[in-house]
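*Asks:* Using the sequences and the hints given, assemble the complete structure.
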Amino acid sequence: MEDPVSENVESAAVAKAPARTPGELVALVEALIFVSEEPIGTKLLADILGEEKGAIQAAVEQLSAEYVERSSGLQIREIAGGYQIATRPEFHEEIRAFLKTRPSAKLSLASLETLAVIAYKQPVTVPEILEIRGVQSATSIKTLLDKRLIVAKGRKEAVGRPMQYGTSKDFLLQFGLKDLSELPSIEDFEDLAASV
Amino acid sequence: MTEEQEHFSFDFHTERPEIVAAGRDELRVRIGDFAGPLDLLLYLIKQEQANIFDIPIAKITAKYLETIQLMKRLDIAVAADFLVMAATLIEIKSKMLLPRDPKAEDEEIDFDDPRRELVDRLLEYEKFKTAAGMLHERTTIEQATFTRGTLETDENNSEVDATVFDLLTVFQKIVARHIEEVKMEIEREEISLSDMIRALEGRIVEFGEVNLSGFFEEMRSHRELVTAFIAALEIVRSEAVRLVQNKTFGEILLRRA
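Just so you know, the protein sequences line up as chains A and B, in that order. Take 1 as the starting number for the first sequence in our numbering and just add one per residue. Take 1 as the starting number for the second sequence in our numbering and just add one per residue.
Taking lysine-lysine pairs in the DSSO-like style, the calculated list, with each CA pair at most 30 Å apart, reads: (1) A:Lys121 with B:Lys46; (2) A:Lys121 with A:Lys147; (3) A:Lys121 with A:Lys106; (4) A:Lys142 with B:Lys72; (5) A:Lys147 with A:Lys169; (6) A:Lys106 with B:Lys72; (7) B:Lys247 with B:Lys173; (8) B:Lys46 with B:Lys59; (9) A:Lys106 with B:Lys46; (10) A:Lys100 with A:Lys178; (11) B:Lys247 with A:Lys147; (12) A:Lys169 with B:Lys247.
From the structure, some residues in chain B lie toward chain A, with a derived Cβ separation under 7 Å: (13) Ala35; (14) Gly36; (15) Pro37; (16) Leu38; (17) Asp81; (18) Lys127; (19) Thr130; (20) Ala132; (21) Leu135; (22) His136; (23) Arg138; (24) Gln143; (25) Ala144; (26) Thr145; (27) Phe146; (28) Thr147.
Footprint (simulated), chain B over chain A, 3 or more residues, beta carbon under 8 Å: (29) 75-89; (30) 99-107; (31) 113-123; (32) 132-145; (33) 175-182.
Note that these hints are calculated values from the structure, not bench results. We put the CB at the ideal spot given by N, CA and C, even for glycine.
*Replies:* Here it is, written out as structure tokens:
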């Protein structure tokens, strides 16, 4: 059976010179973000759709605003250099009940501290971490490596050529960060720490 | 000790390490965990409501020593780093007891305050401790958001499931190789199927995965080889283990499911 409709759809999808209304672009962007396994970046979206990056960003903003406007259970998030559709955190209980999952094991205080030092000081060696934390961090480093939150970043050209560590892409994902620059500056914590 | 159990999961925000006075000389420490000597020190300074820039070193040193003594008694492994800090504190304390050089006695009192280096470290550490709290908050929110479940695509299903026929091919190849080898008849040590299964299971548990042809190749006789093959089939049938072949005609791995 000939189906002219599907033919039209196909030709539209590969169209190089897009003649889309803003609304159509928003819908397309939404569809692509939805199917993407990983956060999908502006550039990739622009390449696939044959649109300018600016248009893509505007579409994402529009989409994001629509979600907020209708108090959707979903949200558009910018994370690890891309966009992602995710549920809103306030529904976590119900979602967990459905998925039958529990929050995964929390990192220990020691591991979190070690991770903080690595995130802010990367690339950083074990002795440098020891210097700041005042305690051996071998176990924490192993935990963080196992959880793939940190990765080895080559050796430092210093005595003993110690291994250096830095954070991974998984770190951005698990801590909901767009990129490392989104981390608040460490100096900001000075005032905070003093006020506690 | 149910109470210890309760505090095993340490909540960054609501639960602070706490020292609970329970009796006259029986202090009890309720510790989620002090993350390190600096952490303990900061805690003690706050407990004493002391000024971090003017630490009452004698008092804090005493408290610190008392606490790690207590930790020892509670069988908490007091790591070397805690002891190093104790030594540092005592050193600072003794330096402060020394009479100051009268010539240097100016209004610049804290010119070479022996506490200064420690204070700097404490302040530096405290920043990262606060940053750790921020990370904790972020991950909590992050864990409360969910993305859709993954779609079944070829990409995320790259492992080709090996079939029994693939298994058989591997088996045959190895049998062929065995035939070519010079046979040395050694006194036969029979290994039963259940022993073989146990051996293979043990290997899988230990290494996470086992290369099947490697395993077959270890077998010394036809009989053992057959037993190994049946063991492999059996173990896959029990479904505790998956057969994985990363590419067509590639090595077959037994992997823990």
